[in-house]
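Trainee: Order-wise, the sequence lines are chains Z and H.
Just add 23 to the spot in the first sequence (first one is 1) and you have this note's numbering.
Just add 188 to the spot in the second sequence (first one is 1) and you have this note's numbering.
It should be emphasised that the hints constitute simulated quantities derived from the structure, not laboratory data.
Only a predicted model underlies this, so the values are computations on that prediction, with no experimental measurement involved.
For glycine and all other residues, C-beta sits at the position ideal for the given N, C-alpha and C.
Below, a list of computed lysine to aspartate or glutamate pairs in the EDC-like style, where the Cα atoms sit at most 20 Å apart:
id : chain 1 : residue 1 : chain 2 : residue 2
1  : H       : Lys391    : H       : Asp513
2  : H       : Lys518    : Z       : Asp31
3  : H       : Lys518    : Z       : Asp51
4  : H       : Lys214    : Z       : Glu65
5  : Z       : Lys25     : H       : Glu256
6  : H       : Lys518    : Z       : Glu30
7  : H       : Lys518    : Z       : Asp53
8  : H       : Lys518    : Z       : Asp48
9  : H       : Lys518    : Z       : Glu52
10 : H       : Lys518    : Z       : Asp29
11 : H       : Lys518    : H       : Glu481
12 : H       : Lys214    : Z       : Glu87
13 : H       : Lys552    : H       : Asp528
Okay, the calculated bits of chain H under chain Z, using three or more residues with CB under 8 Å as the criterion:
id : region
14 : 207 to 216
15 : 511 to 518
A few chain H residues that don't get close to chain Z, going by computed Cβ distances all over 10 Å:
id : residue
16 : Glu226
17 : Asp259
18 : Leu266
19 : Ala290
20 : Gly310
21 : Asp321
22 : Leu355
23 : Gln372
24 : Gly400
25 : Leu428
26 : Ser440
27 : Ile460
28 : Glu472
29 : Asn496
30 : Gly551
31 : His572
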Amino acid sequence: MKITVDEDKCCGAGSCVLAAPDVFDQRDEDGVVMLLEAEPAEHLRTAVREAADVCPAAAISLSEA
Amino acid sequence: MSTPAGVLVAGASAAGLATAEALRRKGYTGELTLLGDEPHVPYDRPPLSKQVLAGAWQPERAHLRTREVLDALDAELLLGDAAASLDVENRTVHTESGRALAADTIVLATGVRPRTLPGQDGLRGVHVLRSLDDALALRAELLSTRRLLIVGDGVLGAEIAATARGLGVEVVLAGPQAAPLAAQLGPLASDLLAELHNENGVKLRLGAGVDGLTADGDRVTGARLSTGEVLEADLVVVALGAVPCTDWLEDSGLVLGNGVVCDSRCRAADGIYAAGDVARWHHEHLGSLLRLENRTNATEQALAVAANILGADQPYTPIPYFWTDQFDAKLQIHGVLAADAEVTVVEGDPAARRFVARYERHGKAVGVLGWNMPKQARLHRQQHLTTGGSR
Ligand SMILES: Cc1cc2nc3c(=O)[nH]c(=O)nc-3n(C[C@H](O)[C@H](O)[C@H](O)COP(=O)(O)OP(=O)(O)OC[C@H]3O[C@@H](n4cnc5c(N)ncnc54)[C@H](O)[C@@H]3O)c2cc1C
Ligand code: SF4
Chain Z
24 MKITVDEDKC CGAGSCVLAA PDVFDQRDED GVVMLLEAEP AEHLRTAVRE AADVCPAAAI
84 SLSEA
Chain H
189 MSTPAGVLVA GASAAGLATA EALRRKGYTG ELTLLGDEPH VPYDRPPLSK QVLAGAWQPE
249 RAHLRTREVL DALDAELLLG DAAASLDVEN RTVHTESGRA LAADTIVLAT GVRPRTLPGQ
309 DGLRGVHVLR SLDDALALRA ELLSTRRLLI VGDGVLGAEI AATARGLGVE VVLAGPQAAP
369 LAAQLGPLAS DLLAELHNEN GVKLRLGAGV DGLTADGDRV TGARLSTGEV LEADLVVVAL
429 GAVPCTDWLE DSGLVLGNGV VCDSRCRAAD GIYAAGDVAR WHHEHLGSLL RLENRTNATE
489 QALAVAANIL GADQPYTPIP YFWTDQFDAK LQIHGVLAAD AEVTVVEGDP AARRFVARYE
549 RHGKAVGVLG WNMPKQARLH RQQHLTTGGS R
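Looking at chain H on its own, in the form it has when it is part of the complex (with noise of 0.2 Å):
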């Protein structure tokens, strides 16, 4: 094992942390520095359009950590700071507030922040939902809200769309796609998934992608299709996709391209390593670049990054997986679902919203999906899903 005299971790959420505690799990008891920009201690986000937005949950529970686990992880945790610039040579961060921040070795976990629409800074009633911040002056919105418009048509809007309504909200879903996630589940689930919307009292406006908001001075009264309507609300919500937050990497000489572009060991330099949402690596088995935003990738990118640092020299090729939770609905989807692949339904069945489903391409599977069967849905992962895995 080699052991690098200090490693300092830029981002402090789902990657960070994970890296940060499988270093130590795997033996490594040299330095370690946590810098985060947010004031908070590392938190999940998954919950943030779920059970925070209900108000289900405090705050408090969407912690990753107690601060007791926290301490014994023996980090240095930098809250409230961000990541200004990067020194590669000389392996430094230098942050917002000045510090000048040196390590053997450097972990890039800095996660994506929300794309947003032309006109929206500085207009009043519009949101996006990134942070715990975000989710708690939405939700703080929402309870007097009449009409919310959500722009876009992918898991954010949707898991928002179904959470506002269970508040009692009129709910608008807009996008581009013929149903919800129509582009990453295929017609089977997402015809299902605009049928559960619609039954549930969401009005969906697709097919007709967004071109911009309007507003009365600086507040935000809904926004205009390419079609040239105009749809009413008193609160938007953007939810357009996000991009890395690689700005501050712009002058350090890394390769940056939708993410910061990594070999397969996740290496984007000497002593240089990303991980997480703002990560786009070489999968050896897929034989391209990819980046995925998801949860479990945040912890076992890091954990691949962990291991490479301390010299495991494995290339990082998982099985890609997301979950998400609409109405009743709570999906599995493991490997990546092409909208044109060949769907089979291989136990329960669609009409009882029960089942999952086999897909492929060219007579080899590609992932699997499990609606309200998330054991079942494992196990043909298990069975079907043999390229990459991670273990």
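For reference, chain Z alone in the conformation it holds in the complex (with noise of 0.2 Å):
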């Protein structure tokens, strides 16, 4: 699973940091979503797709590779 993430649609929610904090973060200055793990460990993959589905700005897109 890959992840992608537009940064100018995200929102700041957070959601995504509250769904899978070992996966994304939130940068300091303007709370725009850092991605800690690009390609995730599978223990990891559902709660990346929920991640990306409760994500208010629709800003996270997985692809499976």
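Can you join these two chains into the complex? Each is in its own frame, and there are hints to help.
Mentor: So this is what it looks like as structure tokens:
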């Protein structure tokens, strides 16, 4: 699984961080999402899928690679 | 896991799509239908008053998912047809075009529609902003407008004011509060917002409600305040809040009252659930019925509904959250900020317009507001707001 984020769309909600704190963080200065793991390990996948789905800005896309 | 034979979702926007996605993610493989009255594929509303209205985004950028992702969902997407009535006993939705859609489980996600002023319908030059088509129509007229009057001093009115100023339009914002969003945010943050709007040239005509519109023939000319004063304008946006889209459920026998009334599982009747702006459910931690109109609730409630459909039997007890962007200010609001709460700045500095404030009532933290400090606000939420929490 590969994650891409559209920083322009991110509204800084932090929902992704609440859902998958091992994979997402936010920049200190403007709250924009930061990817800690672009290709997360197997056991994180469900959390990452949920993070992508709850993102209120649809800023996170996933591809199966 | 109990598995329904078929799920029908009425309302194909944020909450409806999120319900469908969550069902699939949680392993539901049965039939899935998403019915929406708009002709567009599911799109996101928050950018409508911001990037789309400003012209910074083409409308397609507001689409929630690409066509590919939608196809992969393996759901039947019925667009441009409205749900017209619901037969609760037979779990069947009848649509405007004459379809009869039966399903084991039905999810109501029809959202809200804008409240209007008497006499507004049929008047040219008056807009509301809820849909993509509304946003494009308003934008088209804004580009040739000199004076815009916004009726309503809530989030939507204030955002439209900021965006329209950015387009160089003269903007007057009218409403009954002392400052924009005063009832929601309390004096500290709303006074700062008023200052921000003033600095950017928005004329605030606050402290008086708007009684009605004035017109010349079928064209709006402005609005009349409760004080008798008339504000003139070429274009008027009415942003007076919204009412749940439940007209089509009137004869269904479901309990309606400022939304579809649900139990703590977001269930309106056996096999019938509601999610998003239209749902008014029993929040167990707050001990009362609650209806939220914000973007994160649309998805979080959809997740809860999907889980309950599949047999989780869990109460939905979120910490409410919304954000708003106005000029250079990005506000994040977690929890419920009462206007009379005790407010303490816990990080940053309001004078620098970068801060986090904690709201307390009866010695208990009820909310956190971040002003240009999204990450820090989220961290304070995790530290202070323990009631609720959807996960
Ligand atoms: C301009 C604007 C800006 C916003 N900005 C923010 C923001 O910055 N932050 C934030 O947190 N929230 C914001 N919101 C609120 C957020 O967009 C909503 O909370 C969210 O869209 C709710 O999702 P929903 O799916 O419940 O309802 P909706 O998005 O309203 O979707 C309901 C769908 O159902 C359709 N429908 C209605 N009746 C029927 C019927 N009878 N049959 C079939 N379909 C029907 C509607 O046409 C619509 O497509 C904003 C809203 C607007 C309008
Ligand atoms: S949930 Fe979405 S909008 Fe929020 S911080 Fe993460 S990527 Fe950004």
